[in-house]
Amino acid sequence: MSMAASLSSTGVVRLLGALAKSASLCSSSGGRALHVTAVCCKNRAARIRVGKGDRPLTYEEAHHPHDIGHRKGWLSQNTSNLKGEGGAADRTMEDMFIRRFMFGTFHGCLANELVIKRRGNMLIVCALILLKLPPTKIYFLIGYSEYLLSHFYKCPVKLDIQTLTGKAVYKYL
Numbered sequence: 028m029s030m031a032a033s034l035s036s037t038g039v040v041r042l043l044g045a046l047a048k049s050a051s052l053c054s055s056s057g058g059r060a061l062h063v064t065a066v067c068c069k070n071r072a073a074r075i076r077v078g079k080g081d082r083p084l085t086y087e088e089a090h091h092p093h094d095i096g097h098r099k100g101w102l103s104q105n106t107s108n109l110k111g112e113g114g115a116a117d118r119t120m121e122d123m124f125i126r127r128f129m130f131g132t133f134h135g136c137l138a139n140e141l142v143i144k145r146r147g148n149m150l151i152v153c154a155l156i157l158l159k160l161p162p163t164k165i166y167f168l169i170g171y172s173e174y175l176l177s178h179f180y181k182c183p184v185k186l187d188i189q190t191l192t193g194k195a196v197y198k199y200l
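The sequence shown begins at 28 in this note's numbering and counts up by one.
Please keep in mind that the hints were generated in silico from the structure rather than gathered at the bench. Quantities reported herein were computed from a predicted structural model and do not represent experimental measurements. Please note that a few of the clues may not be correct.
[Unchecked claim] Calculated cross-link-like contacts (lysine to any residue; reagent style SDA-like; alpha-carbon spacing at most 25 Å):
no., residue 1, residue 2
1, Lys185, Arg146
2, Lys144, Leu155
3, Lys144, Asp81
4, Lys144, Asp187
5, Lys144, Arg82
Please put together the full structure from these sequences, using the hints given.
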């Protein structure tokens, strides 16, 4: 057990008091000093600030990161995170590549985050797309993406696409 893990809160106070005394003794000679600040234990990642109620939020933005698995599902569904399964890092990098590829292919048309599902040997990418392009171009981009991703990953890739006229608003903050 490490020293930091074995100290209780009273032990930490005693240790800091001893360090402060030794620092005050050494500071008279002019060389050392101890500065201690309070720890900030707030989780502020991916928080949306409350405004006047005029800012639209999507479903993904409305829920906090600690709600994943409780109120909100994962955006990547696979079995590589189970005990005894390997390749979790590989799946993460593949998912990141797929997200960037789809964002570049359908630039400015994605209404929400992608959901990537792996079922057996098949890769399913679910997306909500805004109708900013003509339908023939959207069909071409869907076929293009399925063909290239199937060639890259050497498994069948299917795109489940739903089209929207405007961005899907979950609530306003």
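Hint by hint, here is what the structure shows:
Between Lys185 and Arg146 the alpha-carbon distance is near 11 Å, which keeps this suggested pair within the 25 Å criterion. Under the criterion of a C-alpha separation no larger than 25 Å, the hint pairing Lys144 with Leu155 is consistent with the structure, at around 15 Å. In summary, the hint linking Lys144 to Asp81 is not supported, as the alpha carbons are separated by about 34 Å, beyond the 25 Å threshold. Pair hint Lys144 plus Asp187 holds up; C-alpha atoms about 11 Å apart against a cutoff of 25 Å.
Between Lys144 and Arg82 the alpha-carbon distance is near 31 Å, which puts this suggested pair outside the 25 Å criterion.
Hint violations for this structure: numbers 3, 5, all remaining hints satisfied.
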